[in-house]
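Student: For reference, the chains in residue letters:
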Amino acid sequence: MMDPIKADAPVSLYAKRTAVFPRKIDGPFRRFKWFVMAVCLAVYWGTPWIRWDRGPHAPHQAVLVDLAHRRFYMFDIEIWPQEFYFVAGMLIMAGIGLFLVTSAVGRAWCGYACPQTVWTDLYQHVDRLIDGDRNAQMRLNAAPWTPAKFARRMFKWGVYLGIAFVTGGAWIFYFADAPTLQREFWTGTAAPVAYASTGILTFTTFWLGGFMREQVCIYMCPWPRIQTAMLDENSLTVTYKHWRGEPRGSLKEARNAASPLGDCIDCKQCVAVCPTGIDIREGPQIGCITCALCVDACDRAMASIGRPRGLIDYCTLVDAEREIKGEPARPVMKVLLRPRLMAYFAVWGGIGLALLFMLGARERLTLSVARERNPEFVQLSGGAVRNAFTLALRNMEDRPRTLRIAAEGLPGAALYTDEMAPGAARASIDVPVPADSTAKVRLYAVVPADKAHPQDFALTATPLDGGGRAPRRETHFAAPGGEHDEGEHE
Amino acid sequence: MTHDNTHAGKVIDDATGTAKVGHEWDGIEELDTPLPRWWLWTFYASIVFALVYVVLYPAIPMLHSASTGVLGWSSRGVLAEEVAHEKAEHQGVRDAIAATPIEALAADPKLQRAAIEGGRAAFKVNCVQCHGAGAAGATGYPNLNDDDWLWGGDLNTIQQTLVNGIRYPGNDATRSSLMPSFGKDGILTAAQVQDVVSFVRVLSKQDPANGASRRGAQIFADNCAVCHGANGEGNRSVGAPRLSDKIWLYGGDRASLVNTVTNAHAGVMPAWTGRLDPVTIKMLAVYVHSLGGGEAAPAPAPAPAPAASAAAAPPAGAAQ
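Line by line, the protein sequences give chains A and B. The opening position of the first sequence corresponds to residue 1 in the working numbering, with each subsequent residue numbered one higher. The opening position of the second sequence corresponds to residue 1 in the working numbering, with each subsequent residue numbered one higher.
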């Protein structure tokens, strides 16, 4: 570290980034990371291209956020804006899911699935592919700017940009029909927002994945802070087992040492492979995203000198203390079935079940009724009384339906709409509602003089195709003699 | 050690290397720390920006308005542009409405819907002052929701009423009629007014017949039936209201009726031609017609149409 602060040297809290050149490594955790990366990228790039047949009245994209028409499609589920609580519920589940995962396996999200991790990993592979492994990269980095280095850098940054463009460009396909948008995009006829989104996301991917990398995790992201607060003594962290490794020393030093040294031969392979450039032997720290690449590196080193694996390993604090005392590790189930985890799981699962239940029970045909209150009722010349209602008929299915509007419990009522002649009033009216849309109807209900008194009744909208339940709305028929019109005619 | 060197101009602080101002309070000295460069340059850039802005945009307050700026921009201009843009957007629909006879609009539900909504908007600006936001009217201002029309409730008649107004001075084609002030002008005595009111209350089935109403029947036949009809059925050609129904423009209770017969009423509605363009008037007519009481166009031949439309009141219609 620095010397004690001198009076004439201004103190700076700024730490310049030390570039990280992680060494290539292979092992079970690395292969698992490959697998997760492949799945994440495949999901991200592939999802918008999955087709889903919804008939002639709805888009054929399996996952589509149709902002222009206020619809969200996900396979067989279609969500209207007022059903956004499903999305909110899924976001809450994702949040609690992170709590659950963090309590169980620590920062597994950071280590494997976070987009910043996945794309940083991808870019680090590009580095190794173009510039060579760790040492070659370090040499090139320190080398002066010769034309050869410049050309190599330009090529690498070009590849960065290509990946960034493909990444940023894929995002827009979630918001419009992917094949159409792709055609429009290349012919310059897509919406400006498509180009703007692509540009912004290309830039953020290029910058965050290509250059910011671990700084995003260490300085910018709030999640590590939340997680460090959430980790407890039962959370898995990547642990250097210092009780086994210390005092460290190379094999040569071990031979010359007076007392036997620990298992750590100070080969620094754990530091060399670390994508965030930390030394795990300093203990748990915010820079550790628990990707376990150091575990792979250390296991190789241990294997080559014939010592048991796991000097660096996933381990909980409780088990670490047990191991120091020489006690056996607890069974996995005992660690997983602790109250905190079960509470998270119960909340997470409960919300999930509630969402599923609501999804199954939700109505795809609804009726809302707004009673006209200005005027509340209209006195007709013959003595009959008329009320007006504004009906919203929501047909949330992908097929047109015809609904029969009728008044239930309003004797003698005749109905007509503002598009019909009053003379055509009748007991029920058929209203066609196009697929996946809302029809607004201004309905007039006329009740003859002898039955025109204030009363409650219900409006029903029965689908003529007979499918599903007929929505029904209680409402009120206002007439002279009600609370707003005291006895003027009596 | 530097306290005494103030005459030399700049005295440098040892710890920071920054010049001192020379102020000192109880041993605490003020440093002359320069502004951060980025701040200073932002400040200069702001000044340049402000100068350019003042030249380009309205900025300097004058007596009546601000300076205009070389770009000629103004918020009023933007508004005018937006209004013009919206008008241009609507022009196609307005042209279509203008080209379609008012009776034929119903054949095109989309056009009819556009006309209703356009009329609704115009109504909110021009008509609610008298007829109310819900078009329910008030005493002296007809309720446009009901099925009772003084001059007729089909599309053409409503449009005609809008175009020329009612008893509107200065319009030759305006609808006009005048009920005499029977009491005030001494045509009827106060007692006769009471009698004829009794008869009208019987006509409208509010009171049972009695001596006064029987006396009033003859007065009604002599003075009122010529416009209001022998049985109080009204006459739309002169805007004489039907007296046998439940709807009263100035009140159907005894006191209101006595007042009406004594002083008479002659409500005025402005002619809207000249104030509103023909398409807006047409849309207003379609909107008013859609409020629930709109009537079908009368058959061309028979003149006393009102009786026919009375028979077509909704309860009867329900039986069809």
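Think of the hints as simulated: they come from the structure by calculation, not from any bench. Certain hints may be false.
[Stated by the list, open to error] Estimated spans, in silico, between C-beta atoms of each pair:
id, chain 1, residue 1, chain 2, residue 2, range
1, B, F43, A, F203, 27 to 35 angstroms
2, A, L356, B, A138, 50 to 58 angstroms
3, A, V193, B, F43, 48 to 56 angstroms
[Stated by the list, open to error] Partner residues aside, some chain B positions facing chain A, computed with beta carbon under 10 angstroms:
id, residue
4, K20
5, R76
6, Q112
7, G132
8, G134
9, D147
10, D148
11, R167
12, D245
13, M269
14, E295
Please read these numbers as outputs of a predicted model, since none were measured by experiment. Don't be surprised by glycine CBs; every beta carbon is placed ideally from N, CA and C.
Student: Work down the list of hints and note, for each, if the structure agrees.
Tutor: Hint-by-hint comparison with the structure:
no., hint, result
1, B:F43 x A:F203: 27 to 35 angstroms, "29 angstroms, holds"
2, A:L356 x B:A138: 50 to 58 angstroms, "56 angstroms, holds"
3, A:V193 x B:F43: 48 to 56 angstroms, "35 angstroms, violated"
4, K20, "16 angstroms, violated"
5, R76, "29 angstroms, violated"
6, Q112, "7 angstroms, holds"
7, G132, "7 angstroms, holds"
8, G134, "3 angstroms, holds"
9, D147, "5 angstroms, holds"
10, D148, "4 angstroms, holds"
11, R167, "23 angstroms, violated"
12, D245, "4 angstroms, holds"
13, M269, "20 angstroms, violated"
14, E295, "8 angstroms, holds"
Checked against the numbered hints given earlier, the structure breaks hints 3, 4, 5, 11 and 13 and satisfies all the rest.
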